[in-house]
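S.K.: Sequence:
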Amino acid sequence: MNAAPMVCDVCLLGGGHSHVLMIRRWAMQPLPGVRLTLVSSAVATPYSGMLPGLIAGHYDVDEMHIDLRRLCTWAGIRFVEQTAIALDLATRQVEFEHRPALAFDVLSLDTGSTPDLSVDGSSEHVTPVKPVNDFHNRWLQILDRLNQPHSGPVSVGVVGSGAGGFELVSAIRHRLPVELATVHWFLRQDAPLSGRPVRVGTLALAAAKRAGINVITRFDVNRVEAGRLIATDGREFELDEILWCTAATGPPWPEAAGLATDSRGFVASNAYLQSISHDFVFAVGDIGTQLETPSAKAGVFAVRQAPYLYENIRRYLLGEPLKRYRPQADFLSLMATGGKRAIASRGPLVIEADWVWRWKDRIDQNFMRKFRDLPSMRLNASVQRLPDALRSRFLDGVSGSESPVGNMRCRGCGAKVGAPVLERVLASLDSPGLVEASLLYAPAGDTAVLEMQSTMLAQSVDHIDAIIDDPYLLGKIAALHALSDVVTVDADVHSAQVMATVPGGSDATVERELRQLMTGLLEVLAEERCTLAGGHSVQGDELSIGIVVNAVLNQRSEAGAEGSKRLKGVTAGDVLIVTKPLGIGTLFAGLAQHDARGEAVNAALAVMLTSNRRAAQLLRSSGARFMTDVTGFGLLGHLQRLADGLQTGARVRVDHVPLLSGALHLARQGVRSSLWPQNRQVLTDIDIAASVSAEQLALLCDPQTGGGLLAIVPEPARQGCLDSLHLAGYADASVIGEIVSESRLSLH
169 MNAAPMVCDV
179 CLLGGGHSHV
189 LMIRRWAMQP
199 LPGVRLTLVS
209 SAVATPYSGM
219 LPGLIAGHYD
229 VDEMHIDLRR
239 LCTWAGIRFV
249 EQTAIALDLA
259 TRQVEFEHRP
269 ALAFDVLSLD
279 TGSTPDLSVD
289 GSSEHVTPVK
299 PVNDFHNRWL
309 QILDRLNQPH
319 SGPVSVGVVG
329 SGAGGFELVS
339 AIRHRLPVEL
349 ATVHWFLRQD
359 APLSGRPVRV
369 GTLALAAAKR
379 AGINVITRFD
389 VNRVEAGRLI
399 ATDGREFELD
409 EILWCTAATG
419 PPWPEAAGLA
429 TDSRGFVASN
439 AYLQSISHDF
449 VFAVGDIGTQ
459 LETPSAKAGV
469 FAVRQAPYLY
479 ENIRRYLLGE
489 PLKRYRPQAD
499 FLSLMATGGK
509 RAIASRGPLV
519 IEADWVWRWK
529 DRIDQNFMRK
539 FRDLPSMRLN
549 ASVQRLPDAL
559 RSRFLDGVSG
569 SESPVGNMRC
579 RGCGAKVGAP
589 VLERVLASLD
599 SPGLVEASLL
609 YAPAGDTAVL
619 EMQSTMLAQS
629 VDHIDAIIDD
639 PYLLGKIAAL
649 HALSDVVTVD
659 ADVHSAQVMA
669 TVPGGSDATV
679 ERELRQLMTG
689 LLEVLAEERC
699 TLAGGHSVQG
709 DELSIGIVVN
719 AVLNQRSEAG
729 AEGSKRLKGV
739 TAGDVLIVTK
749 PLGIGTLFAG
759 LAQHDARGEA
769 VNAALAVMLT
779 SNRRAAQLLR
789 SSGARFMTDV
799 TGFGLLGHLQ
809 RLADGLQTGA
819 RVRVDHVPLL
829 SGALHLARQG
839 VRSSLWPQNR
849 QVLTDIDIAA
859 SVSAEQLALL
869 CDPQTGGGLL
879 AIVPEPARQG
889 CLDSLHLAGY
899 ADASVIGEIV
909 SESRLSLH
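Start counting at 1 in the sequence shown, then tack on 168, and there's your number in our numbering.
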């Protein structure tokens with residue numbers, strides 16, 4: 169492998185404009201040895217410049233959102249979808265509520281601003297324009313309300329005198345018919361857009377009045393009540409919807425973490441975009457304020473900061489002088505007036521025209537095209553040498569001639585994770601307790617001695633590579649995938665051993681990777697009442713994990729006499745039930761090819777992170793005669809093996825097979841998992857109706873990591889079984905066919 173070992177971590181917190189542009193630049197010219205991770209609370213980030221067009225109906229949601237998971241996969245950087253709740257700058261960690269902290273060497277913040285809800289009652293009774301996704305959800309509710317029969321007209325008020333308030337109120341007026349809504353714009357002064365040329369405000373007011381917007385001036389909001397604005401002069405205004413687009417403020421967590429901030433709570437930064445209190449923290453976009461040359465909180469500045477952020481993080485890591493960022497004194501402002509018309513201003517020049525909107529649209533579309541039309545890239549092996557500056561800085565002072573990192577790495581036991589690293593990781597983990605089991609560790613720690621009663625032991629082994637680049641999620645998925653084999657045979661899980669391969673690198677990066685992986689694994693083992701009995705770790709080229717699961721068979725299990733009777737009881741008319749939708753392999757193949765949507769991959773991850781244990785219990789209580797998990801061989805592969813073993817046949821109703829959103833679309837495009845050519849060979853022994861499409865066949869042969877269960881259930885129990893599965897959260901559980909007397913599979 170030509171890839172340099174990872175020796176340090178850079179965390180990009182927030183999916184703002186600066187970060188997405190930096191990621192694109194980083195993909196073209198990465199710094200070998202640096203692992204980049206983007207953390208975002210959502211898989212798609214909105215381009216704020218197109219929000220008015222979305223509200224006005226000129227764009228759809230996809231047109232104004234950047235798919236962060238797709239972008240990161242293309243760029244070869246890690247993506248973590250999670251909301252950060254705090255920073256620990258002493259230990260250099262980003263903390264979360266629902267996953268382990270993420271360690272970093274360098275941190276960049278691009279999380280945007282938060283609405284200023286300091287006005288009494290505003291936090292309870294208004295809808296702020298940020299976060300944009302929350303605002304858009306509320307907007308959809310307003311539209312839905314207007315579409316209801318017999319709904320009367322609504323009154324919508326927008327509070328905010330700036331460009332954002334003007335564009336928002338104009339877009340709303342354009343979208344909502346006059347007979348269905350009255351729209352009001354509340355200004356603190358006589359005119360909007362203070363700080364801009366007077367003519368800009370004059371044109372904005374004229375456009376608002378032409379559109380039929382009720383402009384209320386000198387309305388300084390003092391208090392907000394349910395459906396009511398109250399001004400400092402005592403005036404009151406009743407509204408059905410109050411939308412808040414006032415000046416933003418910084419979030420509370422930067423100051424709470426110890427970062428220096430300005431008077432409004434934004435991170436105080438220097439001319440190099442660094443925090444003035446912590447030089448390993450950078451702040452760009454709205455979250456940062458350059459104290460020497462403060463600028464407006466506008467997207468144009470975030471865009472222009474991106475190349476400086478990219479350059480300065482590289483230079484900081486390499487120990488080189490940083491590059492000074494100087495914001496422009498004035499900038500081009502383009503404000504849409506609701507319809508396809510806009511006002512342009514720069515300095516004293518102010519123009520309103522239809523062609524200005526077309527100009528703005530072209531600028532916005534060109535920006536978004538950078539993230540929709542991602543270029544193909546070929547990795548240049550010559551750039552994969554670990555820079556000497558990184559070697560000396562992050563390898564604990566070990567000289568290049570003595571350090572194995574970046575040179576030849578030994579194989580065999582010489583590739584093991586070092587004892588100090590392993591000990592630190594294990595010491596930091598919360599191991600699940602023992603559950604009605606006796607587990608004795610040998611003194612050497614390499615052998616687990618299991619004290620078993622006189623019973624039958626079920627054992628299963630599984631191994632997967634990094635289907636997802638988040639080691640924490642991979643640990644959870646791998647554990648659930650391995651445990652799925654034993655839950656199908658009515659066994660109580662007892663213990664597990666793990667074999668982990670982590671990418672080689674510095675002690676710090678290896679430790680961080682292993683801790684994330686093991687935390688995810690152990691969380692699942694604890695939930696499934698399984699004990700970790702030991703394992704082995706090794707450094708390699710790529711992340712992967714193997715798990716051996718031990719389980720104690722119940723007396724009535726399929727492996728015993730009662731189980732044999734149930735298998736012999738399979739009869740024609742019994743129904744086939746699957747508990748999860750198909751398409752996991754296709755979606756992740758699409759992700760690797762940069763074709764799958766991030767939201768579709770998220771839906772697949774949700775399926776993969778759902779345990780099969782409860783489904784197996786419900787199927788068993790419904791009298792299931794047999795069940796298996798649907799994994800690498802695909803649905804048809806597992807069904808064929810089942811039919812061969814039972815010497816029976818089955819009819820599958822293809823249109824009844826549940827599919828993950830987006831999987832069929834990718835299959836139509838020809839996206840296939842790498843295992844599909846082998847899996848499709850099962851089709852030669854199956855009768856296939858002409859109505860079954862090629863893409864449906866592809867998904868029936870699609871390998872599933874973390875797939876659901878396939879069970880044979882007596883026909884009288886079908887509805888009760890489905891109802892119980894749906895109630896337990898297996899919303900896609902479906903009857904897909906039935907057992908037939910002919911010893912052959914058929915698809916209809």
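There's no promise every hint is true.
What the hints assert, rightly or not - Simulated DEER-style distance windows between Cβ atoms:
| no. | residue 1 | residue 2 | range |
| --- | --- | --- | --- |
| 1 | ALA428 | HIS894 | 51 to 61 Å |
| 2 | ARG378 | ALA899 | 19 to 29 Å |
| 3 | ASP853 | ASP541 | 36 to 46 Å |
| 4 | SER291 | GLY426 | 20 to 30 Å |
| 5 | PRO884 | GLU910 | 29 to 39 Å |
Quick caveat, the hints were computed from the structure, so don't treat them as lab data.
Keep in mind it's a predicted model, so treat the numbers as computed, not measured.
From the three backbone atoms N, C-alpha and C, an ideal C-beta is built for every residue, glycine too.
S.K.: Of the hints stated earlier, which fail here?
M.R.: As far as the earlier hints go, 2, 5 are violated by this structure, in ascending order.
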